[in-house]
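Each chain, written out:
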Amino acid sequence: MRFLIGCPENGSIKEIICNIETDSSKKDSIQPFHSENSISEGSNNKIDLWYSLKNDKGKMIISRNNGVLQLVNRKDELKEVEEKQIKYNVSQFEMLDFINEDDLLSNKRLEPLFAKSKKRTKLLDAFICISPLNKEETKYLIGTKSGLIHIVELNDTFTKISKTISHEVRAPLEFIQLYDNEESKDGDYIFALGGEENLVKLFKLSSDFQTVKQFWEAKNVKNDRLDMRVPVWPMALKFLNPIADAKEKDKINYQFVTITRFSHLGVYQTQHGKKPLHYIDILPNRDPLTSLEFVADAELITPSGNLKSSDIDNFTFITTDTRKDVLKYTNKGRLLGKYGKSDIVGAVNYIKNISGDKYLIEVGLDRYLRVFDINSLKTLIKVYVGAKAHFVELLDDEDVELPQPISKNPKKRSKQAILEEAEKDEDPEALWDELEKGPKKAKKSKQ
Amino acid sequence: MAAEEIRVGNKMKRQALFADLKDEKNKERHKMRRTRAKEERANPELRDKRLKENVPQTIESMREYDETIKEDVEEDEDDLMKSFNNMANGKPPKIFLTTNVNARKCAYEFANVLIEILPNVTFVKRKFGYKLKEIADMCIKRDFTDMVIINEDKKKVTGLTFMHLPDGPTFYFKLSSYVEIQKIRGHGKPTSHIPELILNNFQTRLGKTVGKLFQSILPQNPDFEGRQVITLHNQRDYIFFRRHRYIFKETERVGLQELGPQFTLKLKRLQRGLREETEWEHKTEMDKDKKKFYL
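Those protein sequences? They're chains F and Y, same order as listed. Its first residue numbered 1, the first sequence is counted upward by one per residue in our numbering. Its first residue numbered 1, the second sequence is counted upward by one per residue in our numbering.
The shape of chain Y in the complex, shown without the other chains:
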């Protein structure tokens, strides 16, 4: 008897009947799964075949066509090196970190976290009365290659601005879902080893530019003995920041321990130079189309 066929006036009885029916169905399903698993253990090809045939449709797999995904980046290497730091040109990044004017405690706490993550970083407390142009000028004179500004609003860290010096570009990210290290269950203590970097799923031309930013600003030449890894995973234009320590339990299984912090970035604006013409800007109407992604 199917659930629709239950036509009993008494609600209690109807519910009981329905629960029985559901229980029966669940048992059937579990039985089917058990037998299938048994068959597949005996013959692994069956499993491969099943997985190949039953690919679930996700929003990502149904994403709107974007011609920039498969195209090669047309800039020559020269330009990439000019726009971004690269270890190949022998110039490691030197980062200037500051906050917005009149920042609250949380901004400084977040700055402490970033100091641990970013390499060769100098934190300077933001003072009132200096224009962005003057700050950039001072940084350029002191050979800083990047400027990172923490934006705080109403006692919450809301954004991060990355500026490449001296000629830009400028990235502004919205920052959300910040979880402190202490609040992560079973978190580990990071060591001073330079972590490895995983950039995941930056596909479009814009995505590659953003990936290049993180590639250039985060430390390269990792210390593999530290077994630490920073992941920046892009999913539906949200970039998830995670830091882990891994351990090889055996040849196939890997154990992970989260080191924290966790936060999510969303690109809001990309500008040429130091906040000059807009190259790309997120607009609310872009969110209308659920299957269109920009990174």
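Excised from the complex, chain F in its bound form:
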């Protein structure tokens, strides 16, 4: 398996190649074959996230914390390790183009918001979303924490990158989620956003990218039993398909699920109203939840991670908290299991389910990359990355071919197998001749 990992500590992408059952924390277990840093630019230019193009494999759009968007070409190069008799592809990166404009990120917009924020550490602007807008993958929606939405364009040969237009929405943002379950009839793009004291809003981006318009905003839930206002801080959102047989045809029809920093699971139906259909407390003590991933068959998950199902009463999701847990829940908020139980020691920065219901990859502050079996919750891979990681991509899920291992203990082979092997080796004609000669005379023992 090949992984690309974004390491903020040295602003690089690290490639790790390993097989299933790799565990670098055990001396006698399989160790990763390859681990190398590339395009390192220092901690001040750390990589927030990237998008790998599906059409032109190898091209990547990388966003850096210093407000630079880079278009990079990743080539595969065959590497042979003679000692181990293995071959695998490693990545070589080549910079094609970049955008370095001052207005891509804006820390100024976040300064007044930090004063009101519950976060103690100063808010710094960062990219939070790179989503392709068309099938040709030439137009992208790029969002920032400070509420800037940029439309970025690639040329037809995917060698140049340029910014088309920027829009501003209400900050701060924790997520921008593109609705890609179905194409809208008028060619507009729908996306949802939200953040600290910034209720979930649905926006429409016109097909010519000139206008961004809010067309729906959620309402906060009722005050709690002590008549205290419930704080608003959605952390992640994922769409489901709209209701199939909507009663009110003229009302907008979207369904989505959010998780909040106060450990709520919010299930929304725009047909139902602006308040959530369900608002469930997931964790005790209102511990923060940070990410959201659906668990379903691969064909039911869209590229943006939305669920292609309209059944809002039947879904499973995975979420993480700021301590160390990766948790799997049902739509009713019933805990189905924990990934990596006591193994994970630091907060998880990023999770992604691969192939729908096969693998869950996880990286975080404890400097490990882990791969879990989504259904059995087992840890399949554990590799020490060497640096805190906050973004990861699986390039290839095939194991590196190893030379046939020679059995360490030949004595352990079954007797049957040994007899069969001996039979094969012997010439049957010679054996018959031997038998026809008759039994040898036994030597008489001297008395």
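One should not assume that every hint holds.
As the list claims (entries may be wrong) - Computed cross-link-like contacts, DSS-like style, restricted to lysine-lysine with a CA-CA straight-line distance of at most 27 angstroms: (1) Y:LYS174 - F:LYS341; (2) F:LYS119 - Y:LYS38; (3) Y:LYS189 - F:LYS122; (4) F:LYS54 - F:LYS352.
Read the hints as simulated data drawn from the structure, not as lab findings.
Chain F is already provided as a structure; the job is to place chain Y on it using the hints.
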């Protein structure tokens, strides 16, 4: 006759026999040691050989494999300088010291001790009604580089919180076995010289981060003429703080005088930023495995 072979019904006699046996054995052992020492004095190679062959197995030597021990730190220098103060960037640490709200006398006494140890430190009495974020904001505006909070509970100092400003990280240590200077026998009086710093046995990636904290927060460029030294020795995840004055008695022997105080720290939590996401947290189930160490 071996001890197991003593089969005498009378307890008094049995005890006497056993004592004789033990005495004999001890004498034998001492004799063997004397002769061995004599031989080894004549031929020091024998001693080296014996020590090489008979290495005792300790919990430390049997510690569980940790792949982070031999790995190099992957952060670039830039980041280390950003996270921690370093004399190389010309910015000595400026430390803000305070206690928890409603602290008792012992916290202030401990603060007095810390003022002597930490450089460029300002103690401010904690007032009720200020949130941590507000305190941090005020400190950042006044160019403080670190914040140290003494935690007191039930008239005992129980913890120390170190926060690097403005972006963290935050370390929380449990503090135990505090021995005041006055209670140390034969203690000396520290002088105002900047002491040297010995960081011992911080091996893992987490250990190196903790070592870096002390390296950055404690004074650098020591006055060697003061012959004072602060030691932070990590053993089985407990960090022992000691302060000594040394003297070279001859070319090989060194005399030590303890200056005090003594206390022990144990890392409980490391968080990103100013108490944001947890980077590492001690859990009670971690203590189950006696041979696994994290620092």
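Results for each hint:
no., hint, in the structure
1, Y:LYS174 - F:LYS341, "holds, 25 angstroms"
2, F:LYS119 - Y:LYS38, "violated, 69 angstroms"
3, Y:LYS189 - F:LYS122, "violated, 43 angstroms"
4, F:LYS54 - F:LYS352, "holds, 17 angstroms"
Violated hints, in rising order: 2 and 3; the structure is consistent with all others.
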